Amino acid sequence: MSVNWRNIGLFALMAVLILGTGMLQSWNLALTIVNMGLVSAIMALGVNMQWGYAGLFNVGVMGFIGLGGLAVVITSVPPVGEAWQAGGLQVIFALLVGIGVILGGVQIYKRMAPGRMRTLALIAFLVAGFFIYRALFDPAVDSIEAVNPASTGFLGGLGLPVVLAWPMGGLLAAAAAWAIGKTALGLRSDYLAIATLGISEIVIAMLKNEEWLGRGVKNVVGLPRPVPYEIDLQQSESFVTWAQNWGFDPVTMSSVVVKLGYAGFFVVVLLILIWMSEMALKSPWGRMMRAIRDNEVAAEAMGKDVTRRHLQVFIIGSAVVGLGGAMMTTLDGQLTPASYQPLRYTFLVWVMVIVGGSGNNWGAVLGGFLIWFCWVQVEPLGGVLMETITSGMPDGDLKDHLLDSAAHMRLLTMGLIMLLVLRFSPRGLIPEK
Amino acid sequence: MIDVLNAIVAFLNFVFIPAAAYGSQLALGALGVTLIYGILRFSNFAHGDTMSFGTMVVILFTWAFQSWGISLGPLPVALLALPLGIVITALMVLASDKVVYSYYRRVKAKPIVLVMASIGVMFVLNGVVRLIIGPSDQRFADGERFIINAREFKEWSGLAEGLALKTTQGITVVTAAIVVAILFWFLNRTRTGKSMRAYSDNEDLALLSGINPERVVMITWIIVAALATIAGTLYGLDKVFKPFTYFQLLLPIFAAAIVGGLGSPLGAIAGGFVIAFSEVMVTYAWKKVVTYLVPENLEPSGLLQLLSTDYKFAVSFAILVIVLLFRPTGLFRGKSV
Numbered sequence: 001m002s003v004n005w006r007n008i009g010l011f012a013l014m015a016v017l018i019l020g021t022g023m024l025q026s027w028n029l030a031l032t033i034v035n036m037g038l039v040s041a042i043m044a045l046g047v048n049m050q051w052g053y054a055g056l057f058n059v060g061v062m063g064f065i066g067l068g069g070l071a072v073v074i075t076s077v078p079p080v081g082e083a084w085q086a087g088g089l090q091v092i093f094a095l096l097v098g099i100g101v102i103l104g105g106v107q108i109y110k111r112m113a114p115g116r117m118r119t120l121a122l123i124a125f126l127v128a129g130f131f132i133y134r135a136l137f138d139p140a141v142d143s144i145e146a147v148n149p150a151s152t153g154f155l156g157g158l159g160l161p162v163v164l165a166w167p168m169g170g171l172l173a174a175a176a177a178w179a180i181g182k183t184a185l186g187l188r189s190d191y192l193a194i195a196t197l198g199i200s201e202i203v204i205a206m207l208k209n210e211e212w213l214g215r216g217v218k219n220v221v222g223l224p225r226p227v228p229y230e231i232d233l234q235q236s237e238s239f240v241t242w243a244q245n246w247g248f249d250p251v252t253m254s255s256v257v258v259k260l261g262y263a264g265f266f267v268v269v270l271l272i273l274i275w276m277s278e279m280a281l282k283s284p285w286g287r288m289m290r291a292i293r294d295n296e297v298a299a300e301a302m303g304k305d306v307t308r309r310h311l312q313v314f315i316i317g318s319a320v321v322g323l324g325g326a327m328m329t330t331l332d333g334q335l336t337p338a339s340y341q342p343l344r345y346t347f348l349v350w351v352m353v354i355v356g357g358s359g360n361n362w363g364a365v366l367g368g369f370l371i372w373f374c375w376v377q378v379e380p381l382g383g384v385l386m387e388t389i390t391s392g393m394p395d396g397d398l399k400d401h402l403l404d405s406a407a408h409m410r411l412l413t414m415g416l417i418m419l420l421v422l423r424f425s426p427r428g429l430i431p432e433k
Numbered sequence: 434m435i436d437v438l439n440a441i442v443a444f445l446n447f448v449f450i451p452a453a454a455y456g457s458q459l460a461l462g463a464l465g466v467t468l469i470y471g472i473l474r475f476s477n478f479a480h481g482d483t484m485s486f487g488t489m490v491v492i493l494f495t496w497a498f499q500s501w502g503i504s505l506g507p508l509p510v511a512l513l514a515l516p517l518g519i520v521i522t523a524l525m526v527l528a529s530d531k532v533v534y535s536y537y538r539r540v541k542a543k544p545i546v547l548v549m550a551s552i553g554v555m556f557v558l559n560g561v562v563r564l565i566i567g568p569s570d571q572r573f574a575d576g577e578r579f580i581i582n583a584r585e586f587k588e589w590s591g592l593a594e595g596l597a598l599k600t601t602q603g604i605t606v607v608t609a610a611i612v613v614a615i616l617f618w619f620l621n622r623t624r625t626g627k628s629m630r631a632y633s634d635n636e637d638l639a640l641l642s643g644i645n646p647e648r649v650v651m652i653t654w655i656i657v658a659a660l661a662t663i664a665g666t667l668y669g670l671d672k673v674f675k676p677f678t679y680f681q682l683l684l685p686i687f688a689a690a691i692v693g694g695l696g697s698p699l700g701a702i703a704g705g706f707v708i709a710f711s712e713v714m715v716t717y718a719w720k721k722v723v724t725y726l727v728p729e730n731l732e733p734s735g736l737l738q739l740l741s742t743d744y745k746f747a748v749s750f751a752i753l754v755i756v757l758l759f760r761p762t763g764l765f766r767g768k769s770v
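Chains A and B, in that order, give the protein sequences. So in the working numbering the end of the first sequence lands on 433, straight run, no missing numbers. So in the working numbering the end of the second sequence lands on 770, straight run, no missing numbers.
Okay, chain A solo, but in the shape it has when bound (with noise of 0.2 Å):
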């Protein structure tokens, strides 16, 4: 294989800006570039998965992200034993009974003759069905947010270590996307964004109103961390005399410490990933995805499954997103659903992967990371440009509010990005071979 110039010399050229931001603004933000970069880069690969291999339009990326997030908490989190003794297995109970009352109805739909015997026996048994369920779990749902609500009113999670969070995130993710796909794959191409769309949406809305399951708006704080925390790092003695010894501040050191080690995970992550996929593109399997994507009748007609693989497809990149959304909520040390906004999360997603070269797993980490750069960038270039274009202004309203609005640059940015790519150079950065 020829060595490909070109591709290195992008991916310099992304060491380059990280480097420049290390040297002209601080190691700490270069570093805090690098690990959303990281995380980033494994949300555009599943997202890659799923439209470069497979042509599937996901919309729906920040549910899986959020999805993501709420599996480290559940995984996590120390139990809280006062709120399971309050009415955790009844909460548990109860979803079961939802889950059969779903199930019942799938088969008596399957089992009944069509006829209006049929529709009327499967509504009647859906509304009661959902009144039961209901019935039994709001009063556990009360009762589990009764227990000590300013600091848990949760059932917390089951202790584990943070990093199995991460394959649990995928799990989730994928469970949603088994059902989502069962749905609307088959049907128009749209209809899958629409319905993506949908399940984000929800799932969001889910996060920040079961309280019992995640806090909802209250936000979990404080999540297990799988790196020191700086200040014991700065507490610790032989730390500060080897950062010392090195001339280095104790303080800026341990947080670049902990940054490192953030990165560590993640990078072994990421070349796992994308060692995975690489081996999958170039298996039959892979070109049996591509074959499907470029042209589904033909590949119809050699006897190859589409609506399957492409449901195979779909949830394992939303698997990967979901594994990228429980990092990130690792990483943020934090589940906030109310900062969760489809603009940064589904739609930047696209963006990364549009720009990096769609149906190319480095193509996608490299957008990942130059996407991610400029939508950390763009807000302080952004305050310069305003402020070079007022400085001849007379101070007034308009001035001030041309100032104020600097921090919305970035959305302008980003569809401009993505148009001119789009428009000029479709196949992004680094063409899918």
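Just so you know, the hints here were simulated from the structure itself, not pulled from any lab data. No experiment lies behind these values; they were computed from the predicted model shown. For each residue, glycine too, the CB sits at the ideal point set by N, CA and C. One thing to keep in mind: the hints can contain errors.
Covered by chain B, per the in silico footprint, the following chain A stretches (three or more residues, Cβ under 8 Å) [what the hints assert, rightly or not]:
# : stretch
1 : 185-199
2 : 415-421
Computed list of lysine-lysine pairs in DSS-like fashion (alpha-carbon distance at most 25 Å, straight line) [as the list claims (entries may be wrong)]:
#  : chain 1 : residue 1 : chain 2 : residue 2
3  : B       : K672      : B       : K721
4  : B       : K599      : B       : K675
5  : A       : K182      : A       : K110
6  : A       : K218      : A       : K304
7  : A       : K218      : B       : K627
8  : A       : K282      : A       : K433
9  : B       : K531      : B       : K543
10 : A       : K182      : B       : K543
11 : B       : K627      : B       : K531
12 : B       : K599      : B       : K587
13 : B       : K675      : B       : K587
14 : B       : K599      : B       : K531
15 : B       : K599      : B       : K721
16 : B       : K543      : A       : K304
17 : B       : K531      : B       : K541
18 : B       : K675      : A       : K399
19 : A       : K433      : B       : K675
20 : A       : K304      : A       : K282
21 : A       : K208      : B       : K675
22 : A       : K218      : A       : K208
23 : B       : K720      : B       : K599
24 : A       : K433      : B       : K543
25 : B       : K672      : A       : K208
26 : A       : K182      : A       : K304
Following the hints, complete the assembly by docking chain B onto the known chain A.
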């Protein structure tokens, strides 16, 4: 007997009137989506932000008129600003078509590429709106607040329940009815309208019969801009203008268009009302209405609310899923699948 009347009034006041107004707004929005889908053949994700752009222009003109002391008496000044808003929004969407979409039509790109381009446009519009008017709430309704005031209704009828009809709700329904009537007259009776429908039904045949596609596309965009501006302004008058809410309206609007059958204008209207009524009815706490209807000892203890209002998206979504599962072409057999 009085109890039944009270129950009916409570139902009208809390369910029927809000749902009818919301349904009209959704129907207008869904008409825009469905027209784009029928003529240009892609799902326009920028529609919510086109609505918010149009509303923003209307708000700016409203403020200008208000500062000049212009008033429409009982009606909101925004109605006067509406035509200006439509003109500017139409220019904006025509420019976006020229700069963005026309290229993809020329190279005959896949519909999904157009959808992506519309996401780019959505970003840009979102940024522009936030740059100009900011991300916070804006109220711009003025004039008389109520057509029927709850207190006066109680005094007049002697019932325990009040019935309120906001001016904005009245205006919404009336405007929507007028707009829909004009639109259907245009589509069914005029030469241009017929050429649009022909183009939507069968592009090749329409081209063969000498219909100018660029003209059809241009007129579609102008109509869509008008519909989006009107829908957005009515929604903003009735509730409040906030750019992010308009983006979120995308989901119920698409649900309405799909439920009715993408590409079918009649379906879009029906879909809008189906979505709006189910959303309001599922998230309304029925305790009040039921209390009037059942004997005293059977009074419900809970609120009788099926889902909390935070889950209103779940309602449009559930209806969408049901339609996708059982009737993917929608109620009115739109083009799709």
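Verification of the supplied hints:
Check result for the stretch 185-199 of chain A against chain B: holds, 11 residues qualifying (beta carbon to beta carbon below 8 Å, three or more required). Closer than 8 Å: that is the beta-carbon criterion, and the stretch 415-421 of chain A has 4 residues meeting it against chain B, so the requirement of 3 holds. Restraint check for K672 (chain B) and K721 (chain B): the C-alpha separation of about 23 Å stays at or below 25 Å, so the hint holds. Pair hint K599 (chain B) plus K675 (chain B) holds up; C-alpha atoms about 20 Å apart against a cutoff of 25 Å.
Taken as a hint, the K182 (chain A) and K110 (chain A) pair is honoured in the structure, with Cα atoms around 16 Å apart against an allowance of 25 Å. Note on K218 (chain A) and K304 (chain A): the hinted pairing is violated, with a Cα-Cα distance of about 48 Å set against a maximum of 25 Å. Note on K218 (chain A) and K627 (chain B): the hinted pairing is violated, with a Cα-Cα distance of about 56 Å set against a maximum of 25 Å. Using a Cα cut-off of 25 Å, the hinted pair K282 (chain A) and K433 (chain A) holds, with the two alpha carbons roughly 11 Å apart.
In summary, the hint linking K531 (chain B) to K543 (chain B) is supported, as the alpha carbons are separated by about 18 Å, within the 25 Å threshold. Taken as a hint, the K182 (chain A) and K543 (chain B) pair is honoured in the structure, with Cα atoms around 24 Å apart against an allowance of 25 Å. Taking the CA atoms of K627 (chain B) and K531 (chain B), the gap is near 24 Å; set against the 25 Å cutoff, the hint holds. Taken as a hint, the K599 (chain B) and K587 (chain B) pair is honoured in the structure, with Cα atoms around 16 Å apart against an allowance of 25 Å.
The suggested pairing of K675 (chain B) with K587 (chain B) is violated, with an alpha-carbon distance near 34 Å, which exceeds 25 Å. Between K599 (chain B) and K531 (chain B), the direct Cα distance comes to roughly 40 Å. Violation of the 25 Å bound is thereby established for this hinted pair. Between K599 (chain B) and K721 (chain B) the alpha-carbon distance is near 21 Å, which keeps this suggested pair within the 25 Å criterion. Restraint check for K543 (chain B) and K304 (chain A): the C-alpha separation of about 22 Å stays at or below 25 Å, so the hint holds.
For the hint linking K531 (chain B) to K541 (chain B), the alpha-carbon distance of about 15 Å falls within 25 Å, and the restraint holds. As the CA atoms of K675 (chain B) and K399 (chain A) are separated by approximately 23 Å, the hinted pair is consistent with the 25 Å bound. Between the alpha carbons of K433 (chain A) and K675 (chain B) the distance comes to roughly 44 Å, so the proposed pair goes past 25 Å and is violated. The straight-line distance between the Cα atoms of K304 (chain A) and K282 (chain A) is roughly 18 Å, inside the 25 Å bound, and the hint therefore holds.
With a CA separation close to 20 Å, the supplied pair K208 (chain A) and K675 (chain B) stays within the 25 Å bound. Proposed proximity of K218 (chain A) and K208 (chain A) is supported: the alpha carbons are some 8 Å apart, at most 25 Å. For the suggested pair K720 (chain B) and K599 (chain B), the alpha carbons sit about 23 Å apart, so the restraint of at most 25 Å is met. Distance hint between K433 (chain A) and K543 (chain B) is fulfilled; the C-alpha atoms sit about 21 Å from each other, no more than 25 Å.
Between K672 (chain B) and K208 (chain A) the alpha-carbon distance is near 22 Å, which keeps this suggested pair within the 25 Å criterion. Between the alpha carbons of K182 (chain A) and K304 (chain A) the distance comes to roughly 17 Å, so the proposed pair stays at or under 25 Å and holds.
Consistency note: the structure conflicts with the earlier hints numbered 6, 7, 13, 14 and 19.
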